[in-house]
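Novice: The listed protein sequences derive, respectively, from chains D and F.
Start counting at 1 in the first sequence, then tack on 197, and there's your number in the working numbering.
Start counting at 1 in the second sequence, then tack on 197, and there's your number in the working numbering.
Calculated directly from the structure, the hints in this document are not laboratory data.
Accuracy of the hints is not assured; some may be wrong.
As the list claims (entries may be wrong) - DSSO-like, lysine-lysine: derived pairs with alpha carbons at most 27 angstroms apart:
1) F:K474 / D:K462
2) D:K474 / F:K261
3) D:K462 / F:K409
4) F:K474 / D:K340
5) F:K340 / D:K261
6) D:K334 / F:K363
7) D:K462 / F:K261
8) D:K409 / F:K474
9) D:K474 / F:K334
10) F:K409 / D:K334
As the list claims (entries may be wrong) - Computed beta-carbon distance windows for the label pairs:
11) D:G366 / F:N311: 27 to 35 angstroms
12) D:A483 / F:G410: 36 to 44 angstroms
13) F:D252 / D:F433: 49 to 57 angstroms
Unchecked claim - From the structure, some residues in chain F lie toward chain D, with a derived Cβ separation under 10 angstroms:
14) A421
15) N446
16) A448
17) P450
18) P451
19) V464
20) E467
Note that beta-carbon positions come from the ideal geometry of N, C-alpha and C, so glycine has one too.
Number of protein chains: 2
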Amino acid sequence: MVRKSMVLRRRPSGMPGPDDFALIEQDMPEPGPGEVLTRTIWLSIDPYMRGRLYDRASYAPAVKIGEVMTGESVGEVVASAAPGFAPGDIVVGSRGWQTHSLSPAAALTHVDRNGPPLSTWLGVLGMPGVTAHSGLKDIGQVKAGETLVVSAASGPVGSVAGQIAKRAGARVVGIAGGPEKCLWVQETLGFDDCVDHRGLDLAAGLQAACPKGIDVYFENVGGAVQAAAFSLLNPFARVVMCGMVAQYNDANPPPGPNLAFVIGKRVRIEGMIVIDKPERFPEWRALAAPWVKEGSLKYRECAVDGLERAPDALAMVLRGENFGKMLVRVGADPA
Amino acid sequence: MVRKSMVLRRRPSGMPGPDDFALIEQDMPEPGPGEVLTRTIWLSIDPYMRGRLYDRASYAPAVKIGEVMTGESVGEVVASAAPGFAPGDIVVGSRGWQTHSLSPAAALTHVDRNGPPLSTWLGVLGMPGVTAHSGLKDIGQVKAGETLVVSAASGPVGSVAGQIAKRAGARVVGIAGGPEKCLWVQETLGFDDCVDHRGLDLAAGLQAACPKGIDVYFENVGGAVQAAAFSLLNPFARVVMCGMVAQYNDANPPPGPNLAFVIGKRVRIEGMIVIDKPERFPEWRALAAPWVKEGSLKYRECAVDGLERAPDALAMVLRGENFGKMLVRVGADPA
């Protein structure tokens, strides 16, 4: 048995592609004391991964050339030398782009194999879902009667953020790319409106969808979408700065908005990284797992097959070509 | 006896000047029930006044053509038809650019005529001082060992913000225009350093003054000063957005910073207007009046004589030509 791992071959210039990575094979490792060997079932592909490919410090270190690409995944325990982990257990953790992973037990979280579908622990119940929950709880604080706008509304963060805001009694307007996504956001997620940022006049469309302005803007995109949303912010608006995927391939990002409006309108613009508040993970999972089971919290996934497709999947996310949470099917479901 | 009032004659294009205003004379009014007639001693000139000259809604309504220009002032009661106000009382309030003012009693606050110098109720103990206090208390939250940077450091807001931060145990770096102001900020106010934004390389100078980055940035200026400060912000930095005087005459302000750093560094950028938290006024005055009396809280004032000079004084503030709190001496001190 060999373990296959996707390592960084070179730093991409602009959009990453398959040639920037290499699939290597190694002998299967054995767990040392306190370690767990797992096989990967689902690998998560997320926009933040583009940031790891730059040779610069950020809130997390860059992936080095030759190193296994980082990523969250759901897997099954194959062998364990750690108490509390046995073959057949299902776990979620940051296990990288590989078919098998050797992890310290503390880096893994058990999930119920008879609960929600395993892939949901990477999306609606995973890091993206917790990001939406934390962004609204810690920064957005949307109230009934307010208007919340979320960009990348059909994505795994945006779709959850909007549904949380609907439950809170807010008017919720999504921004998404193309009529198919917008239709899904309105009809399936139940948002009050969804504006196509590829449409003729984003600013006018958003203004029409937000007749009372914007009280909370949940930012996942940046660029022209950000400019349109900022221009409609109400006094005392909150902006959850979660992502700016539109520019992740730009070595020299464009200028941003003039910030004088922040003063006159007393706007709060605040950045967030989900790992800063680890307590939000169990909190969200306890809250939302029943909603997923009963079907009241909607989600959508978009999967490709095979670890070798992971670089393509990342490019799809950065181009906005995925429709739903991007996943790579790396191994079979447990027996 | 006549009352002289400075009214808006036309909306200025760019820098306001004397021709944009007109000094009119009217018969002296008499107070009706609940009203107080005061004569103005000191009139305050502040950057925010430029915003009132545009024909657009902001957090406060625009001054209309023919209307008396708004402004805070200290005055003496001349006649009163309101309980609790008697001739000779000293009051502070928003009484406009005029020699005499008829105000509802509720709009006036008594000050101690035997306490700190009367002009200080417009500066270090007035709206600018309270702005510094509120900005740090509600947004900046500077802690011992952190680095705070404040722009317009020799002005009435910046000088107080820096001194509060020094009392909290922070490293405090000012940004000011010209060597004379920088020297005063360091030697008299006791800031750890002060960088001249008219110097050769603001970014390099600020970086040298902030070897551990910036934890709190108190923004009064905008433009290139803002860009230099933003580039040095630490993770979890707070930005108090108080003013952007560098662009108040620009009908079409320039673009601002790309905001991706806000996410990775989890920065909080928040705007403030001092009148949102009226409770900060008595709180600050109780705290700081003893410091002013004992001389431990430093301040500097810059006065011109005569109401007719008020438009010039406003232009001085917008050009950064004032050195200290800008005041107009409108009437004599009380007997």
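Novice: Against the structure shown, which of the earlier numbered hints fail to hold, in ascending order?
Specialist: Of the numbered hints given earlier, those the structure breaks are 2, 3, 5, 6, 10, 11, 13, 14, 15 and 16, listed in rising order.
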